[in-house]
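Asks: Sequence:
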Amino acid sequence: MAQQRTPVYFLSHGGPTIMEQHDHPAYAKLQAIGAEITQKVKPKAVVVFSAHWQGERDVVEVNTAETMGLIYDFYGFPPHYYEMQYPNTGSPELATKLLKLFSDAGIKVEGVRRGLDHGVWAGFMCAFDPKTNPLNVPVVQVSLFDTEDPDQHYKLGQAISSLRDEGVQIICSGMAVHNLRDMRRAMQQAPKPMPYAVTFDEALKEAAETSPESRQKAMSELLMRPDARKAHPTFEHLLPVYVAAGAAGSDSAKQLWTMAEGSMAWGQFRFGEVEA
1 MAQQRTPVYF LSHGGPTIME QHDHPAYAKL QAIGAEITQK VKPKAVVVFS AHWQGERDVV
61 EVNTAETMGL IYDFYGFPPH YYEMQYPNTG SPELATKLLK LFSDAGIKVE GVRRGLDHGV
121 WAGFMCAFDP KTNPLNVPVV QVSLFDTEDP DQHYKLGQAI SSLRDEGVQI ICSGMAVHNL
181 RDMRRAMQQA PKPMPYAVTF DEALKEAAET SPESRQKAMS ELLMRPDARK AHPTFEHLLP
241 VYVAAGAAGS DSAKQLWTMA EGSMAWGQFR FGEVEA
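Residue numbers (the UniProt record's numbering): 1 to 276.
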């Protein structure tokens, strides 16, 4: 039986607290997406990009480690958050393949040894709960560039799109709208979200769902919108969706779910279809 081409996902992962907010609507949505991946897509391995790892301006980094501890890259949380564990295994073989694909595409790349940051493991604890829906396949993380160039990140996805034909699942983890600076002000006007959390989230949906041949231009123009810097004072939480769109190739996108909340928005996207 021929291997089904895997879709590509962009997950809005939220903060570490989402792991324990089982009554939050986003928790259930991440669970549903995780179940779709493990039960329908059934990938052989996962390549993941996170907003919380940037390489250099023109160099992308690939985690070549097979086993490493988690990275607790957040501050001011209760002590037990820094003791959480997410079982995962890397794949030096897949990492080597990624190094070659990037190099063949003219992208400077380096292999490094590194644990998974919370942009990966906090979201994966919801989507792939080790007890109820374990992923059970190797996970290799790749960095973003240390730039805000959308086309540079689009090309990053294009370079590894062929892995989808080999049963590799590409997951890009960020946030559709992410403005931590505005959280206090947003709380003062709750439950109504900040206006830009609604308008930019809607614009992202429209751009991502544009026909694949026009999508890169439409998504690049997103960053020129007057609400872009309000939605993302810095763009690292948005850039993973460009990697996802690039990896999608000629596949169309679908926003699976979203919710504007305070100074954030939870847009979840799938590029490509899942066979029933």
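To be clear, the hints were calculated from the coordinates, so they are not data collected in a lab.
Just so you know, these numbers come straight off a predicted model, no measurement behind them.
Positions of the beta carbon are idealized from the N, C-alpha and C atoms, including for glycine.
There's no promise every hint is true.
Stated by the list, open to error - Label pairs and their computed distance ranges (CB to CB):
#1 181 to 147: 36 to 46 Å
#2 93 to 57: 27 to 37 Å
#3 22 to 104: 20 to 30 Å
#4 224 to 254: 18 to 28 Å
#5 83 to 188: 48 to 58 Å
#6 104 to 82: 16 to 26 Å
#7 190 to 112: 38 to 48 Å
To be verified - Capping the alpha-carbon separation at 30 Å, the derived lysine-lysine pairs in DSS-like fashion look like this:
#8 131 to 192
#9 192 to 155
#10 108 to 155
#11 44 to 155
#12 230 to 42
#13 44 to 29
Asks: Against this structure, judge whether each hint is valid.
Replies: Tested hints:
1. A C-beta distance of roughly 21 Å is found between residue 181 and residue 147, which places it outside the suggested range of 36 to 46 Å.
2. A beta carbon spacing of about 29 Å between residue 93 and residue 57 agrees with the range 27 to 37 Å that was offered as a hint.
3. In this structure the hint that residue 22 and residue 104 lie 20 to 30 Å apart at CB is violated, the actual value being about 44 Å.
4. Taking 18 to 28 Å as the suggested C-beta distance range, the pair residue 224 and residue 254 conforms, at roughly 24 Å.
5. Taking the beta carbon of each, residue 83 and residue 188 are about 33 Å apart, not inside 48 to 58 Å as hinted.
6. Taken as a hint, the range 16 to 26 Å is violated for the pair residue 104 and residue 82, whose Cβ atoms sit roughly 40 Å apart.
7. Checking the proposed 38 to 48 Å range against residue 190 and residue 112 shows it holds: the Cβ atoms sit about 40 Å from each other.
8. A distance of roughly 35 Å separates the Cα atoms of residue 131 and residue 192; the hinted pair therefore is violated under the 30 Å criterion.
9. Between residue 192 and residue 155 the alpha-carbon distance is near 37 Å, which puts this suggested pair outside the 30 Å criterion.
10. With a C-alpha separation of about 12 Å, the suggested pairing of residue 108 with residue 155 holds against the 30 Å cut-off.
11. Taking the CA atoms of residue 44 and residue 155, the gap is near 23 Å; set against the 30 Å cutoff, the hint holds.
12. At roughly 38 Å between alpha-carbon atoms, residue 230 and residue 42 are farther apart than 30 Å, so this suggested pair is violated.
13. Taking the CA atoms of residue 44 and residue 29, the gap is about 23 Å. The hint holds against a cut of 30 Å.
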